[in-house]
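Peer 1: Spelled out, the chains give:
Protein chains: 2
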Amino acid sequence: MSEIKKLGALLKEKNISISGAESCTGGMVAAEITSVDGISAVFNESFVTYSNDAKHRNLGVSSETLEKFGAVSEECAREMAEGAAARSGADIAFSVTGIAGPTGGTKEKPVGTVCFGLFFKGKTISKTAHFDGDRESVRKASVDFIIDLMISELL
Amino acid sequence: MSEIKKLGALLKEKNISISGAESCTGGMVAAEITSVDGISAVFNESFVTYSNDAKHRNLGVSSETLEKFGAVSEECAREMAEGAAARSGADIAFSVTGIAGPTGGTKEKPVGTVCFGLFFKGKTISKTAHFDGDRESVRKASVDFIIDLMISELL
Numbered sequence: 000m001s002e003i004k005k006l007g008a009l010l011k012e013k014n015i016s017i018s019g020a021e022s023c024t025g026g027m028v029a030a031e032i033t034s035v036d037g038i039s040a041v042f043n044e045s046f047v048t049y050s051n052d053a054k055h056r057n058l059g060v061s062s063e064t065l066e067k068f069g070a071v072s073e074e075c076a077r078e079m080a081e082g083a084a085a086r087s088g089a090d091i092a093f094s095v096t097g098i099a100g101p102t103g104g105t106k107e108k109p110v111g112t113v114c115f116g117l118f119f120k121g122k123t124i125s126k127t128a129h130f131d132g133d134r135e136s137v138r139k140a141s142v143d144f145i146i147d148l149m150i151s152e153l154l
Numbered sequence: 000m001s002e003i004k005k006l007g008a009l010l011k012e013k014n015i016s017i018s019g020a021e022s023c024t025g026g027m028v029a030a031e032i033t034s035v036d037g038i039s040a041v042f043n044e045s046f047v048t049y050s051n052d053a054k055h056r057n058l059g060v061s062s063e064t065l066e067k068f069g070a071v072s073e074e075c076a077r078e079m080a081e082g083a084a085a086r087s088g089a090d091i092a093f094s095v096t097g098i099a100g101p102t103g104g105t106k107e108k109p110v111g112t113v114c115f116g117l118f119f120k121g122k123t124i125s126k127t128a129h130f131d132g133d134r135e136s137v138r139k140a141s142v143d144f145i146i147d148l149m150i151s152e153l154l
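Residue numbers (numbering that gives the first Met the number 0), protein chains in the order written: chain A, 0 to 154; chain B, 0 to 154.
If you're looking for bench data, these hints aren't it; they were derived computationally from the structure. Hints may be right or wrong, so weigh each one.
What the hints assert, rightly or not - Listed next, with one range per pair, are the computed distances between beta-carbon atoms:
1. 121/A <-> 15/B: 18 to 28 Å
2. 63/B <-> 63/A: 34 to 44 Å
3. 4/A <-> 128/B: 42 to 52 Å
Unchecked claim - No farther apart than 27 Å at their CA atoms in a straight line, the calculated lysine-lysine pairs in the DSS-like style are these:
4. 139/A <-> 120/B
5. 139/B <-> 11/A
6. 120/B <-> 11/B
To be verified - Quick look at which bits of chain B chain A covers, simulated, 3 or more residues with Cβ under 8 Å:
7. 23-31
8. 106-117
Beta carbons: idealized from backbone N, C-alpha and C, even for Gly.
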């Protein structure tokens, strides 16, 4: 069984509703989730927030966080996940925010730096990963990473 | 050049900002749009609204429309596109709402029925298409359809 089918089966079996917020993956995680038939039982909505302004308006990420830590930070990822959970009312909410490239990298945060957030049961965890490869490789690796992280948390 | 690269180039060249709302495609269109590097110049946000409630809350689709015509209707598609435009402030906003299957089909609206909306320059158009094939085929055909529709409107 593919990882996304595993995640979908777990969510449906445990009746855990899901939402999320995506920046660099731009809807790829939501697209994967909705590839699972019958997922409407646990999935209502998700947010694609590419700009800082969209993260602030649609998810409530604070301007201070965006200014102080930047959009690609675990602080921002946590607020994105919490914002998606609050706005959707979902039980579990993920977030992905990173630098897919080819531009946008810095010395401190090179291309391939991706931060993740996961809100579940009133707690939010965050992670940072560095992926090699081009824009699509970084995005795909990010999708796999967050799906695996959600499976681990649910098990 | 692929269709999505054509669309991305048109948007960037004309400096037309884009947003959208997806039901059955669940983020696939936004994922395609964000596969174009440098698209952040014209793309801020997009909405994945799978349930009726999410369409109502996040996009302002009226309860009357959802009750009278259903979520898979040109009426709903129009309100989704207009809602995405209003909430994002984007110049052009698309919507996709359909029955990807394998379940959910009726005699009037069989699996593969997909409605599309497109708001541009103060006007909203809508279309209905019927696609053959399984869930992923219907979703992929829907993505291609709306991308082509946007390219036509922009040219």
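Peer 1: Does the hinted range 42 to 52 Å hold for residue 4/A and residue 128/B at CB?
Peer 2: Cβ of residue 4/A to Cβ of residue 128/B: about 28 Å, so the range 42 to 52 Å is violated.
Peer 1: Could one say that the CB atoms of residue 63/B and residue 63/A fall in the range 34 to 44 Å?
Peer 2: holds, 41 Å
Peer 1: CA of residue 139/A to CA of residue 120/B, is that 27 Å or under?
Peer 2: violated, 34 Å
Peer 1: How does the segment 23-31 of chain B fare against chain A when you require at least three residues with a CB closer than 8 Å, holds or violated?
Peer 2: Coverage by chain A holds here, the residue count being 8 at a Cβ distance below 8 Å.
Peer 1: Would you say the C-beta atoms of residue 121/A and residue 15/B sit inside 18 to 28 Å of each other?
Peer 2: violated, 42 Å
Peer 1: So if I understand the rule, the pair passes when the alpha-carbon distance is 27 Å or less; does residue 139/B with residue 11/A pass?
Peer 2: Given pair residue 139/B, residue 11/A holds - Cα atoms ~24 Å apart, limit 27 Å.
Peer 1: If you count the residues of the segment 106-117 of chain B with a beta-carbon closer than 8 Å to a beta-carbon of chain A, do you get 3 or more?
Peer 2: Our answer is that it is violated, as 0 residues pass the Cβ test (under 8 Å) against chain A, missing three.
Peer 1: Residue 120/B and residue 11/B were given as a pair; does the straight-line alpha-carbon distance stay at or below 27 Å?
Peer 2: holds, 17 Å
The structure does not agree with the numbered hints 1, 3, 4 and 8 stated previously, though it agrees with the rest.
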